[in-house]
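Asks: From first to last, the protein sequence lines stand for chains A and B.
Counting from 1 along the first sequence, just add 260 to a position and that's the residue number in this note's numbering.
Counting from 1 along the second sequence, just add 260 to a position and that's the residue number in this note's numbering.
Treat the hints as calculated values from the structure; they're not laboratory data.
This structure is a prediction, so every number in the text was calculated from the model and none was measured.
Quick reminder that beta carbons are idealized off the backbone N, C-alpha and C, glycines included.
Simulated coverage check for chain B against chain A, where a stretch passes if three residues somewhere in it have a Cβ under 8 Å from a Cβ of chain A: (1) 270-282; (2) 311-323; (3) 332-345; (4) 358-370; (5) 418-428.
From the derived model, a few chain B residues whose C-beta atoms are all more than 10 Å from chain A: (6) Q383; (7) D447; (8) L469.
Protein chains: 2
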Amino acid sequence: MTAVVRRSLLDDLATSMLDLIADRKLAVGDQFESVRSLAERFQVAVPTVREALRRLEAIGALELRHGSGVYVGPNVGRMVLANPLPLKPTAGRLVELLQARALIEPPVAALAAKARVESALAQMEHDLVQAAELITSGDHDRLAEINMDFHRALAQAAGNATLAEVVESVTVVNVREQLEILHIHGDRETDLAEHRAILAAVRAGDHVLAEQLTRAHLDGVLAVINARVNP
Amino acid sequence: MTAVVRRSLLDDLATSMLDLIADRKLAVGDQFESVRSLAERFQVAVPTVREALRRLEAIGALELRHGSGVYVGPNVGRMVLANPLPLKPTAGRLVELLQARALIEPPVAALAAKARVESALAQMEHDLVQAAELITSGDHDRLAEINMDFHRALAQAAGNATLAEVVESVTVVNVREQLEILHIHGDRETDLAEHRAILAAVRAGDHVLAEQLTRAHLDGVLAVINARVNP
DNA sequence: CGCATGAATTGATCTGATCACTTGGTCATT
DNA sequence: AATGACCAAGTGATCAGATCAATTCATGCG
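Using the sequences plus the hints, can you model the full thing?
Replies: Here you go:
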């Protein structure tokens with residue numbers, strides 16, 4: 261049996277649009293075509309085009325800006341995504357998430373110490389400066405964001421886009437919940453110091469130390485969370 | 261200013277629908293409401309409901325089956341997804357993907373040797389039997405699928421849903437391309453033998469060996485690919 | 001120059017209808 | 001009783017055209 265794949269009109273539309281983007285070599289942020297012109301181009305009705313656009317928008321391949329137009333989104337060409345509409349994770353799910361990070365990020369840090377992509381290192385520096393300011397100013401919400409960004413930048417320093425996507429996906433998840441974690445963890449100064457040590461190790465190209473420090477950092481957080489969840 | 265997050269009607273609709281699913285404790289595969297009844301429930305027009313449904317469908321949280329109804333999809337509640345509409349990856353991107361797998365999967369195998377989730381181990385056994393049959397029957401397409409499934413099952417054996425999602429996301433990517441890889445790699449018997457050794461190590465609870473075998477397995481594939489891409 | 005203003009463009013949503021697929025039941029045939 | 005053909009209701013898919021709302025940018029006033 262040949263498993264007839266019945267491609268719906270919508271599947272065709274969505275892939276055709278991606279092909280259009282690829283053919284025109286559009287980059288992230290570039291304006292795409294208007295809904296009406298797409299409808300005419302593909303000879304389908306406006307609502308149909310919009311359904312296809314929504315599908316692409318859901319995965320971040322496109323953006324629809326009211327009154328402005330359709331634009332190429334940040335996730336076009338990505339392989340791994342964070343679910344943009346996750347259900348509220350349970351406490352256990354958050355522990356699993358941290359475990360996953362504690363497993364994945366240390367070897368990524370080791371790789372980063374070998375690759376040392378300069379732009380990412382600069383981003384990490386920048387994040388540390390920002391973090392220091394936010395600690396004194398007390399804006400814990402933005403601090404949590406910046407700390408997550410440090411981890412994302414660390415992954416980007418490894419020079420592997422797929423790894424960066426994976427790490428971003430597991431760090432993006434509900435900053436709300438991560439906030440709670442940070443509030444539990446609490447010791448923001450220690451966090452900052454550990455981040456600084458990690459960056460120094462990466463800068464020095466010491467992949468063993470970078471991996472070890474990253475593991476210690478995440479295991480520390482994990483231990484606190486675990487104690488909190490299973491008292 | 262009160263930071264009026266201008267949640268579009270669509271955002272509200274999509275999240276409301278997810279809330280409905282959560283409230284009713286619907287499981288994957290359960291039937292949801294019809295488009296028309298949803299339109300009436302939320303007091304919006306049908307095309308609007310459909311756009312929200314498309315968004316949820318795009319991430320696999322829902323499925324729309326023509327003539328039948330709307331059903332809960334397999335990805336509801338997931339945190340990490342594979343891009344369902346990826347662009348054609350370049351050769352370099354595929355190497356990166358393999359590198360990412362070679363970095364992530366070995367420690368996952370080690371964890372699997374500790375957790376040993378029985379259902380996943382059974383799945384791995386089943387995959388190996390299937391793979392042996394497909395090698396003799398010569399169905400290389402299905403063989404590639406089964407081999408990927410072995411790796412996914414291995415991740416599930418680790419008992420961490422997030423890790424399983426990550427590994428699935430990096431193994432789902434374009435079976436077409438992975439096929440090409442397998443054709444390059446070619447030595448299907450070796451693959452099978454290595455898979456068998458990995459499962460044995462996991463079964464035995466030898467996490468050091470499981471990690472080492474998995475690393476050797478993926479590094480072997482990676483080496484061949486690298487030689488092929490950079491001749 | 002700087003800022004209001006209004007027209008044009010574009011996305012957002014609605015209304016209502018028609019087509020196509022699935023499903024389950026009816027009913028004649030076997 | 002089992003089987004298969006057939007029909008009708010429910011449901012998603014698509015269409016057509018219209019109206020509302022946000023953005024953009026050229027225009028022109030102060």
